[in-house]
Every structure is written in C-alpha cells, then in structure tokens.
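Asker: If you're matching them up, the sequences are chains A and B in order. So the first sequence is residues 1 to 202, counted in this note's numbering. So the second sequence is residues 203 to 424, counted in this note's numbering.
There may be inaccurate statements among the hints.
As the list claims (entries may be wrong) - No more than 25 Å apart at the CA atoms, straight line, and that leaves these computed lysine-lysine pairs for PhoX-like:
(1) B:LYS204 <-> B:LYS223
(2) A:LYS59 <-> A:LYS47
(3) B:LYS344 <-> A:LYS118
(4) A:LYS111 <-> B:LYS347
(5) A:LYS118 <-> A:LYS165
(6) B:LYS398 <-> A:LYS118
(7) B:LYS398 <-> B:LYS384
(8) A:LYS59 <-> A:LYS118
(9) B:LYS344 <-> A:LYS111
(10) B:LYS369 <-> A:LYS118
(11) B:LYS389 <-> B:LYS369
As the list claims (entries may be wrong) - Calculated from the model, a selection of chain A residues having no Cβ within reach of chain B, i.e. all distances over 12 Å:
(12) PHE8
(13) GLU17
(14) GLU18
(15) MET30
(16) THR36
(17) ASP54
(18) HIS87
(19) VAL107
(20) HIS160
(21) THR171
(22) VAL175
(23) LEU198
Quick caveat, the hints were computed from the structure, so don't treat them as lab data. Where a beta carbon is used, it is the ideal one built from N, C-alpha and C, also for glycine.
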Amino acid sequence: MKQQDLAFYGEFAPKLEEIQALLMNEIQSMLDSISTDSETAVAEHIKCRIKDADSLREKLRRNHLPETARSGLMNLSDIVGARVITHFVGDIYTVVELIKRNPRWRVEQIKDYIAAMKPNGYRSLHMLLAVPFGVGGIDEINIEIQLRTIAMDCWASLEHQLKYKKDIKNTSLIVEELKRCADEMASTDLSMQTIRDLINRR
Amino acid sequence: MKVLYAEDEMQLSVAVTEILKMEGFDVTPVYDGQQALDALDKDYFDAVILDIMMPKKSGIEVLEAMRGSGNHTNVLMLTAKATVDDRIAGLTTGADDYLAKPFAMKELVARVQSLIRRNSDYRHSVLHYANFELNSGTCELKTDKGSLRLNNAEAELLTFLVHNADKSFTARQINESVWNGKESPEKAELYIFYLKNKLRQIHADANIQIAGDTYTLCEEES
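Take the sequences, apply the hints, and build the full model.
Answerer: Written out as structure tokens, the structure reads:
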C-alpha cells in the first residue's frame with residue numbers, strides 16, 4: 001500500500017493486506033491443484049489489489065456514503081479484489097467451482113455477465129465473497145473476484161480507457177462499435193473453446 | 203421504388219406506366235434500347251423492365267451491357283415471340299424473370315413487386331427462428347438475452363439450416379449445399395460445433411442435434 005492509502009485505511013490496513021495475501025495464495029493454490037504445468041495452465045494471470053484511497057472516496061461520494069474507510073468496508077464489496085484471467089471461457093466455470101468449495105470464505109453472490117452480458121457488451125463473471133475480518137468491530141467484509149478470458153479482459157481495458165476520455169465525438173457510434181467488437185470477440189472466444197474441445201476429444 | 207421501363211410501343215408504354223404509377227412505383231419510361239442504357243448510366247433503379255424487340259438496341263443487348271458493366275439490378279424481360287429460345291436467351295443473359303406478351307396488367311405488377319422484394323431480401327434480410335434472429339447484412343446473431351457476431355461462413359451455414367429446419371444433413375451434404383463443395387466436410391463439422399456453442403451462449407431456444415453423422419436444426423428450450 002502507498003503512504004496515502006495506509007493513512008486512509010489506518011487500523012484496518014494490516015488486516016486488508018493480510019486478506020489480499022490470503023486471496024492471492026488461495027487462488028494460486030486452487031489453480032495449481034488443476035495444473036502446475038504452464039502449458040496447460042487455466043489462468044493466464046491473476047491480480048490482486050486493495051482499492052486506492054482516491055477511487056474509494058470517489059465511489060463513496062457517488063453513492064452518497066460517508067467518505068471513511070469504515071463506511072467503505074461496511075457498504076462496498078470491492079475494497080479487496082482479485083481478477084483471474086483465463087485462456088478459455090470454459091475455464092472460468094472450472095475456477096468458479098473451486099472458489100465455491102473453498103472453506104476460507106462464503107460465496108454471497110455470483111453475477112454472471114457472460115451468460116447475461118451488460119448492454120454495452122461487457123462480459124465477465126463477478127463473485128462476491130464474505131471473509132472474516134474482526135477489526136474495529138467489523139466481523140466480516142465482502143471481497144470480489146472477477147473472472148474473464150483474455151479476450152474479455154482486452155475489451156474491458158480498452159473500454160475503460162475510452163470511458164474516461166470525455167471529448168470523444170460520435171459517442172453513440174463509438175458505443176455501438178464497442179458493442180460490436182465485444183460481440184465479435186465473444187464469438188471468437190467460443191470458436192477457440194470449440195476448437196480446444198475438438199482437439200481434446202480426439 | 204424506381205422502375206425503368208423500356209418499351210417502343212407507345213400505347214402500351216402509356217398504359218403500363220400509368221398502372222405502375224397507380225401502384226405506387228416511380229416509373230421512368232424510355233422508348234428504345236439506347237435510351238434505356240443512358241438512363242441506367244445516370245440513375246439508380248430498383249427494377250428494370252425491358253422489351254426484347256426494340257429499335258437501336260434490343261432488350262438482350264441492353265441486358266448484356268448492364269451485366270457487363272456490373273449492374274445487377276433485377277430485370278424483367280417482355281417478349282412478343284414467346285418462343286422457348288427467346289426465353290432462354292433472356293434468362294442466360296441474366297434476366298431474372300420474363301413475361302410473354304400479351305400479358306395481364308395484374309401479372310406484370312405482381313412480377314415487378316416480386317423482383318423488388320428479392321432485392322430487399324438480398325440486401326438486408328433478417329432471419330427469424332425460434333427466439334433468435336440473424337441479420338445477414340451484419341452477421342449479428344441475437345436473442346433478447348445476448349448477441350454475438352458470426353463470420354460469413356457461419357452465417358451462411360446458419361441461414362441454410364434455418365431455411366431447412368428439422369431436416370437432417372451430413373457434413374458432406376452441407377459442404378455441397380452451402381459452399382458448393384468448395385470447403386470440406388471437416389469444416390462443415392467444425393462450423394456446426396461453433397454454431398451449437400454460440401446458440402447456447404445467447405440462450406437460443408434452438409439447437410443443432412447430432413444423430414450419427416447427420417445434423418438437424420430444431421427448436422429446443424434453452
């Protein structure tokens with residue numbers, strides 16, 4: 001954590017870092033239980049992060065909540081978050097099953113934006129997990145794991161970059177075209193999944 | 203809808219033009235083959251009616267020149283001599299339909315409407331089956347729950363299967379019927395699997411069933 005984030009999270013900071021490490025380790029060992037061979041690895045990479053103070057404050061403000069660490073921990077679910085990037089669509093559901101079975105947390109909610117994409121074309125699967133916390137009178141907090149393929153991640157990061165450029169012209173055309181790109185990439189994802197299934201069957 | 207009408211018999215031209223206008227067409231009458239070519243150079247038409255026997259250039263010559271210059275507008279040929287040879291000459295040159303004189307006005311109108319409908323079918327047809335639709339222009343495949351973009355070969359294959367729903371085909375037959383045998387049964391099989399997975403992904407109430415070595419598109423709840 002950066003100095004300003006440590007200051008913002010205060011007494012909660014050590015526990016948050018502990019949860020981040022736990023999340024990273026658990027995900028890594030679940031993935032290793034499937035394969036430790038990089039040739040057949042399910043995940044392309046995994047990332048964990050603690051939300052930085054600035055974007056947490058901004059999100060709390062947007063939701064008309066007090067701009068404190070405590071308020072964030074009580075009300076939001078993505079203070080600690082992980083992202084698992086897989087090669088194939090099917091791998092996502094393999095990892096979901098492993099996460100469900102892990103006794104370190106309780107699965108609160110699964111939002112499958114792959115089965116039901118968002119209107120802008122966003123695809124990803126979000127899992128909300130409750131983990132024990134036990135600091136400052138907070139018993140447990142929610143954390144979030146996002147799972148997506150390389151193609152879904154590629155689209156999401158481009159879309160994320162464009163969203164913050166305010167002076168883009170032809171906004172409706174851009175939105176429509178981004179949705180088309182998402183649909184094409186999702187289609188390619190499924191073609192590659194199908195090819196892999198055929199290879200494995202033989 | 204703009205229609206070019208080339209006919210040298212003045213009385214007939216006036217009558218046909220009047221009736222097509224009453225049916226809502228925007229008709230440009232011309233009176234010989236050369237005028238027809240000049241009009242085609244200058245303007246866009248949704249359909250063309252050509253009399254075969256015309257001064258300066260015959261209907262067949264106009265049609266040859268049109269197709270030679272890459273103009274694929276649908277053409278209806280009018281022929282006085284309703285001989286088989288005449289009809290074959292028109293169709294082999296690239297006419298889309300023909301009508302023998304004398305004809306009933308109603309039939310002419312119906313045939314022109316049919317020609318124009320073929321245009322719009324070709325340009326932006328949206329195919330519906332079960333709860334999904336496929337736009338042949340954009341290759342977008344969607345239901346109200348999801349959407350994907352197919353590639354051309356996938357769209358061609360799915361269009362064929364929708365037109366022949368509930369019928370069973372082997373990979374070899376699919377290769378012959380969809381791609382004129384230019385691809386391979388292996389590719390047909392792979393593309394069937396692509397489509398199976400993609401239909402499932404958008405929650406289509408349809409599936410391609412596999413029985414032995416045949417494939418059948420059927421309605422099936424997602």
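Asker: Hints first: check each against the structure and report whether it holds.
Answerer: Hint check results:
| no. | hint | verdict |
| --- | --- | --- |
| 1 | B:LYS204 <-> B:LYS223 | 10 Å, holds |
| 2 | A:LYS59 <-> A:LYS47 | 21 Å, holds |
| 3 | B:LYS344 <-> A:LYS118 | 14 Å, holds |
| 4 | A:LYS111 <-> B:LYS347 | 15 Å, holds |
| 5 | A:LYS118 <-> A:LYS165 | 21 Å, holds |
| 6 | B:LYS398 <-> A:LYS118 | 22 Å, holds |
| 7 | B:LYS398 <-> B:LYS384 | 22 Å, holds |
| 8 | A:LYS59 <-> A:LYS118 | 20 Å, holds |
| 9 | B:LYS344 <-> A:LYS111 | 21 Å, holds |
| 10 | B:LYS369 <-> A:LYS118 | 35 Å, violated |
| 11 | B:LYS389 <-> B:LYS369 | 20 Å, holds |
| 12 | PHE8 | 40 Å, holds |
| 13 | GLU17 | 39 Å, holds |
| 14 | GLU18 | 39 Å, holds |
| 15 | MET30 | 25 Å, holds |
| 16 | THR36 | 29 Å, holds |
| 17 | ASP54 | 35 Å, holds |
| 18 | HIS87 | 16 Å, holds |
| 19 | VAL107 | 23 Å, holds |
| 20 | HIS160 | 21 Å, holds |
| 21 | THR171 | 20 Å, holds |
| 22 | VAL175 | 14 Å, holds |
| 23 | LEU198 | 7 Å, violated |
Hints 10, 23, counting from the list given before, are not met by this structure.
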